[in-house]
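First residue of the sequence shown? That's 0 in numbering that gives the first Met the number 0, and the numbers climb one at a time after it.
Any given hint might turn out to be false.
Here are the computed distance ranges between Cβ atoms for each label pair [claimed, not checked]: (1) Lys208 / Gly17: 16 to 26 angstroms; (2) Asn211 / Phe74: 33 to 43 angstroms; (3) Phe59 / Ala197: 53 to 63 angstroms; (4) Ala197 / Trp1: 30 to 40 angstroms.
These aren't lab readings, by the way, just hints derived from the structure by calculation. Glycine residues also receive a C-beta, built at the ideal position from the N, C-alpha and C atoms.
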Amino acid sequence: MWIERLLQGLLDTLLMVGVSSLVALLVGVPMAVLLVTSDKGSIFEAPALNRVLGAIVNLFRSIPFLILMVALIPFTRLVVGTTYGVWAAVVPLTIAATPFFARIAEVSLREVDHGLIEAAQAMGCRRWHIVWHVLLPEALPGIVGGFTITLVTLINSSAMAGAIGAGGLGDIAYRYGYQRFDSQIMLTVIVMLVALVALIQLGGDRLAKGLNKR
């Protein structure tokens, strides 16, 4: 019985983290590209847009996840029709992870050698070609590393969300470990979370190293 419950908790955690991280990846990378390319002196210079987008990213990054999750309850109910369970947790997890990952990806994009961009411009490359064939490929190892950090952060946040009714391993640790004073369940959940984080970190580090051509 406990094995089945723990496996279900693991699957719920993987679902929460998987869906929210996928959306964060699909939205965060374009957001990071826009932050970099719209900056002053960049290839799509638009200072006003850059300031607005930067302010939005900073706003959501500055709100602690627990407060953000509570503040988003009406929006969560509107999107998924409930404020309880796995899918209810996906909404705040996604909104928290996207600006976090966008800033990390932005740092990686800004580290690309500006000489490469100037060389591409000198050869007559169009601006979107520079994004696709210079900026993103050169920044890819850093982006992968940043996405790994985002995944680990999401696992931590999903455990917090689980403790207040979102399901997953956090819910099991809180309801059956903390509230019932069952240290064995608590320890088992901790071991599972540590193992999950270690596997993700190891895989992400190896992938980033493999992509690094420098």
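Verification of the supplied hints:
1. Lys208 / Gly17: 16 to 26 angstroms: Check passed, 23 angstroms falls within 16 to 26 angstroms.
2. Asn211 / Phe74: 33 to 43 angstroms: Given a distance of about 39 angstroms, which is inside 33 to 43 angstroms, the answer is holds.
3. Phe59 / Ala197: 53 to 63 angstroms: violated (28 angstroms)
4. Ala197 / Trp1: 30 to 40 angstroms: violated (23 angstroms)
Of the numbered hints given earlier, the model fails hints 3, 4; all others are met.
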